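**Student:** Using the sequences and the accompanying hints, generate a full structural model.
Under my numbering, the sequence shown has 168 at position 168, and the numbering climbs by one with no breaks.
Please note that a few of the clues may not be correct.
[To be verified] Listed next, the in silico DSSO-like pairs over lysine-lysine satisfying Cα-Cα at most 30 Å (straight line): (1) Lys-89 with Lys-76; (2) Lys-124 with Lys-112; (3) Lys-191 with Lys-76; (4) Lys-90 with Lys-112; (5) Lys-76 with Lys-232; (6) Lys-237 with Lys-112; (7) Lys-112 with Lys-191; (8) Lys-232 with Lys-124; (9) Lys-124 with Lys-135; (10) Lys-124 with Lys-191; (11) Lys-232 with Lys-112; (12) Lys-237 with Lys-135; (13) Lys-90 with Lys-76.
If you are wondering where the hints come from, they were derived from the structure by calculation, not from laboratory data.
All of these numbers come straight from a predicted model, not from anything done at the bench.
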Amino acid sequence: MNKIIPLLVIFFLSLYLLLVSIVATSHLDLQARAGESEFTEATLDTALGSAMPVINIPQYDLPESENRRRIPDYLKDIRTKISKDRTLKKYVNIFNANATQLSSLMDDQDIKLRPVYIALGNKKRHFDIYLGQLKANAHIKFSTLAKELSSKEKNGYYSQIVNAFNQTISSNTVYFNSAVTELENTSDQVKYFTNQKLYQLQSLSAYLSDSTTDVSDTAMFMIENITETGIKIPPVKDAPFEGDKSIKAIPDYDKNGYEWGWLGQISSWLIKPNSYDLILIVGMVGFGLFGAVISIFINKMQFDPNLSTFENTVNILIRGFAAAIVIFLATKGGIAILNTGSNKPNPYVLFTTCLVGAVFSQPVWDWAKDFIENAYKGKGKKE
Numbered sequence: 001m002n003k004i005i006p007l008l009v010i011f012f013l014s015l016y017l018l019l020v021s022i023v024a025t026s027h028l029d030l031q032a033r034a035g036e037s038e039f040t041e042a043t044l045d046t047a048l049g050s051a052m053p054v055i056n057i058p059q060y061d062l063p064e065s066e067n068r069r070r071i072p073d074y075l076k077d078i079r080t081k082i083s084k085d086r087t088l089k090k091y092v093n094i095f096n097a098n099a100t101q102l103s104s105l106m107d108d109q110d111i112k113l114r115p116v117y118i119a120l121g122n123k124k125r126h127f128d129i130y131l132g133q134l135k136a137n138a139h140i141k142f143s144t145l146a147k148e149l150s151s152k153e154k155n156g157y158y159s160q161i162v163n164a165f166n167q168t169i170s171s172n173t174v175y176f177n178s179a180v181t182e183l184e185n186t187s188d189q190v191k192y193f194t195n196q197k198l199y200q201l202q203s204l205s206a207y208l209s210d211s212t213t214d215v216s217d218t219a220m221f222m223i224e225n226i227t228e229t230g231i232k233i234p235p236v237k238d239a240p241f242e243g244d245k246s247i248k249a250i251p252d253y254d255k256n257g258y259e260w261g262w263l264g265q266i267s268s269w270l271i272k273p274n275s276y277d278l279i280l281i282v283g284m285v286g287f288g289l290f291g292a293v294i295s296i297f298i299n300k301m302q303f304d305p306n307l308s309t310f311e312n313t314v315n316i317l318i319r320g321f322a323a324a325i326v327i328f329l330a331t332k333g334g335i336a337i338l339n340t341g342s343n344k345p346n347p348y349v350l351f352t353t354c355l356v357g358a359v360f361s362q363p364v365w366d367w368a369k370d371f372i373e374n375a376y377k378g379k380g381k382k383e
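**Tutor:** Okay, structure coming up:
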């Protein structure tokens, strides 16, 4: 049992290494493959520009409305009529108090409603700035990664950027449209209140001018109803974009094997350096270990009873590593000599030869020995 445990550890380690090397190799192949992407910075700029929302914030014009400007004139006219009428003169103080209350109420509406318009307009301007920063950030991220991504990956990231941008615009557009609707409803209520008060004052002024009988009761009723409860002005809520101060709406592109799911996650440490040779070395180690363990069963090799378990395990590692390195160096060196262009060997061929070399390590060493001996014999004859 003690002899099997080290073999199992080496076996599962080799499985992990060969698995991540295959995933990393496939990822690099995906990056190197495919032609030009149909999406460029120009198409991205067009897509983001066409997505820009049209949000209209209404201007605050309540104090400039004609009906609102006429109310002070009617208050002055009614005050004069009441003061001159001996029957109604006793109601002057009541009217003045109600008129003052009405004026204060209208001023209070103006004081509360105007800042809401201003605040919403400012939020719209800040949102425009935010979108500009968002577009710039999208261009920076896309252009930075464009040279590193395959056509397929570039298309996928392009879609991620556009979708994220559209989602940001959508959520904030809903907010602004809702805020504008609520603000316009409040303004309509204030305007209705103003029109209602103007109509009451017009009616009271006309009543006082035309009546020739005792009108104290009717006039008193109309005077007391000049004022009412004011309109509730809702505050401006925070917009969705205001909670994102660091412009995080554009996603970062995870180029570390995301398309492989959990396999990509466990292989990300090998994918991230983006080094072809590193992947080959790790794969060579994995397949070398795997082959060394397999060789025990294929060649029916037994542990040396004169050695400890640790020493036997080390022997397996050395035999597998050494055979794999011989294959690796021979392959790389041969390609470098014969090829004046790229000297990158096919990783799958290299992994296969490393595996075979590790399994049949003794023939590999015999070949290496014969190669060196023949090389030196040839050199000696020339001299």
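**Student:** Does each hint fit the structure? Answer for all of them.
**Tutor:** Okay, the hints, checked on the actual structure:
1. Lys-89 with Lys-76: Status holds; Cα separation ~15 Å.
2. Lys-124 with Lys-112: holds, 19 Å
3. Lys-191 with Lys-76: holds, 21 Å
4. Lys-90 with Lys-112: Given pair Lys-90, Lys-112 is violated - Cα atoms ~35 Å apart, limit 30 Å.
5. Lys-76 with Lys-232: holds, 27 Å
6. Lys-237 with Lys-112: Distance of about 15 Å is within 30 Å: holds.
7. Lys-112 with Lys-191: holds, 14 Å
8. Lys-232 with Lys-124: holds, 23 Å
9. Lys-124 with Lys-135: With Cα atoms ~16 Å apart, Lys-124 and Lys-135 stay inside 30 Å; holds.
10. Lys-124 with Lys-191: holds, 24 Å
11. Lys-232 with Lys-112: holds, 9 Å
12. Lys-237 with Lys-135: holds, 25 Å
13. Lys-90 with Lys-76: Between Lys-90 and Lys-76 the Cα gap is close to 17 Å, so the pair holds against 30 Å.
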